[in-house]
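Q: Please take these sequences and the hints and turn them into a complete structure.
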Amino acid sequence: DAGVIQSPRHEVTEMGQEVTLRCKPISGHNSLFWYRQTMMRGLELLIYFNNNVPIDDSGMPEDRFSAKMPNASFSTLKIQPSEPRDSAVYFCASSLGHGDEQFFGPGTRLTVL
Amino acid sequence: AQRVTQPEKLLSVFKGAPVELKCNYSYSGSPELFWYVQYSRQRLQLLLRHISRESIKGFTADLNKGETSFHLKKPFAQEEDSAMYYCALIRGNQGGKLIFGQGTELSVKP
Chain B
1 DAGVIQSPRH EVTEMGQEVT LRCKPISGHN SLFWYRQTMM RGLELLIYFN
51 NNVPIDDSGM PEDRFSAKMP NASFSTLKIQ PSEPRDSAVY FCASSLGHGD
101 EQFFGPGTRL TVL
Chain Z
1 AQRVTQPEKL LSVFKGAPVE LKCNYSYSGS PELFWYVQYS RQRLQLLLRH
51 ISRESIKGFT ADLNKGETSF HLKKPFAQEE DSAMYYCALI RGNQGGKLIF
101 GQGTELSVKP
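Chains B and Z supply the protein sequences, listed in that same order. Per the numbering used here, the first sequence starts with residue 1, numbered consecutively. Per the numbering used here, the second sequence starts with residue 1, numbered consecutively.
Be careful, since some hints might not be right.
Stated by the list, open to error - Interface residues of chain Z toward chain B, partial, derived using beta-carbon atoms under 7 Å:
hint, residue
1, Val13
2, Arg43
3, Leu46
4, Lys97
5, Gln102
Please keep in mind that the hints were generated in silico from the structure rather than gathered at the bench. Beta carbons: idealized from backbone N, C-alpha and C, even for Gly.
A: Laid out in structure tokens, this is it:
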């Protein structure tokens, strides 16, 4: 198993552009998590899904951010429009159940110019 | 509000020395505590969790509810222990919502 897969690994875009980050969880895992890591705020949970349903999106910074999980094997995190302060590393993680060990992807490093 | 505090950004020790990475939390209920580790060029991964009460790679951590601490300890540090360490908690009624500390970079010198 390749583990949690994220794409792209690096993204450089200009302010105002739409950015879509993608995640494929480990097969059989029922919970999926999106985190953001910055120097200022560290690692913070943005949103998590259980059985494809969003359970807690209280960490989503504002309406410019949206996340979807159309099926058990795919999720997206979209930022529209992007701003320089969105520059960060975005991690996706999955777990068997929502209290179990979380397995992290390699992250997507986003730079908004 | 629930919070995890790791007071040291960087901890530097010599090989063979004991190491303790500090973690304090604030939560009135019964949290579940974890230590995650990220080695250079690798993914963030679980090191240990308090409910398993096991030693992983020589590391142990004991939950002290009186002091609201979950410090990570190893009696003899190795160079391969150099990594970024994150303490995290899940609130008892919040399922998988991990709250992370800011992380401590451990550097073990030869």
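Q: Each hint: holds or not?
A: Taking the hints in turn, this is what the structure says about them:
{"no.": "1", "hint": "Val13", "in the structure": "violated (23 Å)"}
{"no.": "2", "hint": "Arg43", "in the structure": "holds (5 Å)"}
{"no.": "3", "hint": "Leu46", "in the structure": "holds (5 Å)"}
{"no.": "4", "hint": "Lys97", "in the structure": "holds (6 Å)"}
{"no.": "5", "hint": "Gln102", "in the structure": "holds (4 Å)"}
Of the numbered hints stated above, the single one contradicted by the structure is hint 1.
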